[in-house]
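Participant: For reference, the chains in residue letters:
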Amino acid sequence: MRGTPPPRLAAWLFERLASGPNRESLGGDLAEQYRGGRSSAWYWRQVLLAVWASTTRDIGGHKLTAVRAVVISWMFLIPWLFFTGWVYGSTKFWVMETLIRGSIGFHDFWRFLAAVFFMMPLSLFLGGVMAARQRPSIDASGPLRTA
Amino acid sequence: MAKREFLGGFELLVLLALIRIGDEAYGVPISEAIEESSGKEVAMGSVYITLERLEQKGLVSSRLGEPTAERGGRAKTYFHITAKGLREVRQARRTLMNLWQGVPQLQGGAL
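Here the protein sequences come in this chain order: A and B.
According to this note's numbering, the stretch in the first sequence is residues 1 to 147, in order.
According to this note's numbering, the stretch in the second sequence is residues 148 to 258, in order.
FYI, nobody ran anything at the bench for these hints, they're computed from the structure.
In this text, a Cβ means the ideal position worked out from N, Cα and C, and glycines have one as well.
Check before you lean on any hint, since a few could be wrong.
Restraint-style ranges between C-beta atoms, simulated for each label pair [what the hints assert, rightly or not]:
1. B:Gln-248 - A:Met-120: 52 to 60 Å
2. A:Pro-79 - B:Gln-238: 55 to 63 Å
3. B:Lys-204 - A:Phe-83: 24 to 32 Å
Take a look, some chain A residues computed to stay more than 12 Å from chain B by CB distance [claimed, not checked]:
4. Arg-16
5. Tyr-34
6. Leu-49
7. Val-67
8. Arg-68
9. Met-120
10. Met-130
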């Protein structure tokens, strides 16, 4: 029997991202197995698979809410994409325009991409939160998992 | 012919593990029983999702145990197969046996 607790980050991720009526029992089973001699790699693998399984189950069980979350997310993302495109020198279809004409510098292009990738998880999160607020039965960790 | 839902392959494995283990069936022994018989690692999250689905179908019932220190203060959930679940397993066995018989490729022990 091992005395050390399971990997802290994996345990934290499990607590925040896994869902379902038996989440506590599953967390206890994973801790018990880890203390019984399973490896850290095994623990990590089980946590990631549990998060993946509960996420796909949640999406499958709330298809309409999932579609609503995607639509709301794009409602946040599209204005942001046009804004960043405008900031970095293109008012039309920013990526193709700037790549083909070369009207934007290499560093500006990467700054543009960074701005887009900053907003993407944020907009997904906001979309998930707004969709979940309309369905109080949905687990609060859903939007974070979606993001 | 009556329209009925078939048990999935993993659902059948979980139900058979429940029958084998009996009253002390919770996540750890269930996954160990499946791993020992199949020789493959089992995702415990998938075991629980399958158990939840089986419970919704009325094939399995559950009860909460006491929390223990080795589990970080978390309780075990014990699962038990219901009479309906047992009937479904018997029906699945009959179906499989009927299909199994008379298939030349499956005769003998070689895989």
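Participant: Which earlier hints can't be squared with this structure?
Facilitator: 3, 5 and 6
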